Amino acid sequence: GAGVSQSPRYKVAKRGQDVALRCDPISGHVSLFWYQQALGQGPEFLTYFQNEAQLDKSGLPSDRFFAERPEGSVSTLKIQRTQQEDSAVYLCASSLAGGAVENEQFFGPGTRLTVL
Amino acid sequence: DAKTTQPNSMESNEEEPVHLPCNHSTISGTDYIHWYRQLPSQGPEYVIHGLTSNVNNRMASLAIAEDRKSSTLILHRATLRDAAVYYCILRDLITGTASKLTFGTGTRLQVTL
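Protein sequences appear in the order of chains A and B.
Per our numbering, the first sequence starts with residue 1, numbered consecutively.
Per our numbering, the second sequence starts with residue 1001, numbered consecutively.
Only chain A is shown next, with the shape it has when bound in the complex (with noise of 0.2 Å):
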């Protein structure tokens, strides 16, 4: 499998639980971006990294929601206290670098998060 991977593909937590969501990117991409989908919505920019650097973080939309990617390949996107209102599919994007705007974004497939 040479794409992009992400787990779980579904999450139940209960309001208050922590979360973590983890993603592989495609091997060799030096950029990885967090997107959050809403039920009925187009993505939203989350946060995005070259290599281990979290180069922007002006989508995460509470200090609730941290991201890593402390090695530079896998990335996990954690959300502590999870209310309902976090309830929407966690995409998870790479690239390559190089600064050319042609570098199109390989996605995951997603995880579904549902806190109840």
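Note that these hints are calculated values from the structure, not bench results.
Predicted model only: the values in this text are computed from it and were never measured.
We put the beta carbon where it would ideally sit given N, CA and C, even for glycine.
There's no promise every hint is true.
Cβ-Cβ distance ranges computed for the label pairs, FRET-style [said to hold, decoys possible]:
| hint | chain 1 | residue 1 | chain 2 | residue 2 | range |
| --- | --- | --- | --- | --- | --- |
| 1 | A | L116 | B | R1058 | 20 to 26 Å |
| 2 | A | N51 | B | S1041 | 28 to 34 Å |
| 3 | B | K1003 | A | A38 | 35 to 41 Å |
| 4 | B | S1028 | A | A38 | 25 to 31 Å |
| 5 | B | E1066 | A | S7 | 42 to 48 Å |
| 6 | B | L1039 | A | N51 | 27 to 33 Å |
Chain A is fixed; fit chain B onto it per the hints.
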């Protein structure tokens, strides 16, 4: 950020061409026009992109107006597998690969037999 406007939904018959419009009247000179699509229960996938000239690839064609204020994604022969939400996105050349994708609500394409 420059904004795009697309119809909420369109329908097409299988094996017929489909023209998906996108308006981007505030596009800047350094904005590329990208199209992604999202099939049901999947992440978005890249379709095509262009700057000024019309573009063709194995999936689709992109026709860009001379003033760049609008563009049209053309699927030459729609199949049932093309049923998806299609997003028209502007990406700034200046920020390059680091630029996030700003999705709108897209156009939901329904393809019928």
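Hint compliance check: list the failing hint numbers for this structure, sorted ascending.
1 and 3
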